[in-house]
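Q: Chain P is fixed; fit chain A onto it per the hints.
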Amino acid sequence: MRIGVVTFPGSLDDGDAARAARLAGAEAVRLWHGDPDLHGVDAVVLPGGFSYGDYLRCGAIARFAPVMESIIDAARGGLPVLGICNGFQVLCEAHLLPGALTRNQHLHFRNRDQWLKVEATNTAWTNGFTAGQEILIPVKNGEGCFVADTHTLDALEAEGRVIARYINGNPNGSQRDIAGITNEAGNVVGIMPHPEHAVEALTGPSLDGLGFFTSVLRALAGSSAGGQLAGGQQ
Amino acid sequence: MARVVVDVMLKPEILDPQGQAVANALPRLGVTDVSSVRIGRRIEIDFAGEPDLDRAREIADKLLANPVIEDFEIRVEAAAAEVA
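Protein chains in written order, with my numbering: chain P, 13 to 246; chain A, 24 to 107.
FYI, nobody ran anything at the bench for these hints, they're computed from the structure. Hints should not be assumed to be uniformly reliable.
Some but not every residue of chain A turned toward chain P, in silico, with C-beta under 10 Å [as the list claims (entries may be wrong)]: (1) Val28; (2) Met32; (3) Leu33; (4) Glu36; (5) Ile37; (6) Asp39; (7) Gln41; (8) Arg64; (9) Lys85; (10) Asn89; (11) Ile92; (12) Glu93; (13) Ala101.
Everything numeric in this text was worked out from a predicted model, so none of it was measured. From the three backbone atoms N, C-alpha and C, an ideal C-beta is built for every residue, glycine too.
This is chain P alone, in the form it adopts within the complex (with noise of 0.2 Å):
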């Protein structure tokens, strides 16, 4: 399975995610922001980082480099697309999920170890954790604090598609501790802490991230084989 990792001007953890990726089983493609081409991947990271400097509003610019119009395209069709920190931002930019990510709410830049619940697991990134797992990866942000108006955030509940919450403190005010969440299809994520930093004992907190990448591969191998990608399970 091949996954691509999209390195924009500014990315910073495109590094890590590929090493993530290649310690979950899988080939790192790398991707470039300026390449429309997708170079045949089965699936898409977006990293964390400072995409076009983080200039006008986080992930804004970045939701219009020729890469991303390939990506909107295939995500719409169903290709597996997480987004991390940044990439996350990007997401949303780009419509591909609901919300908004702004400033922290105390305007102080968050960096630690977080816990995190995660709640859905029928997507196509989080489908190897049971529902309610505590898990602990980093977050790092200055403009991670998810919001979305009342009706986007009831229906996100009501259908599941929090994928993860803050526990033990939100660190950066999200509305209703909300880490995370995916689309109506469920192949599409966005998180804001940093799974693929949680992959290695040496340099993470735990080895939790690594579920990300091997649920896309489980997922992938589930579609490969006639099965449904996400979404249907429940």
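A: Coordinates of chain A only, in the frame set by chain P:
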């Protein structure tokens, strides 16, 4: 020069922690009669020819503002475009 000005503001219901931080600093300047501060962004777009408000609106809607959290207003800058 044909200048269009776009003002982007967070929607009223969206928390503006930067504005709050500024408001909280005002008492240190001796200002005590301000109840709220909100921070937005002003963008100036210079067209090569005539100012094109429809074009500017499209730019604002697609790129300059995020309609999920922000509102925008656009206007032709009077002096620059010689509009009363």
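Q: If a hint holds in the structure, say so; if it doesn't, say that too.
A: Going down the list of hints, with the structure as the test:
no., hint, in the structure
1, Val28, "violated, 16 Å"
2, Met32, "violated, 13 Å"
3, Leu33, "holds, 8 Å"
4, Glu36, "holds, 8 Å"
5, Ile37, "holds, 6 Å"
6, Asp39, "holds, 8 Å"
7, Gln41, "holds, 6 Å"
8, Arg64, "holds, 8 Å"
9, Lys85, "holds, 9 Å"
10, Asn89, "holds, 6 Å"
11, Ile92, "holds, 5 Å"
12, Glu93, "holds, 8 Å"
13, Ala101, "violated, 26 Å"
Comparing the model with each earlier hint shows violations of hints 1, 2, 13; every other hint is respected.
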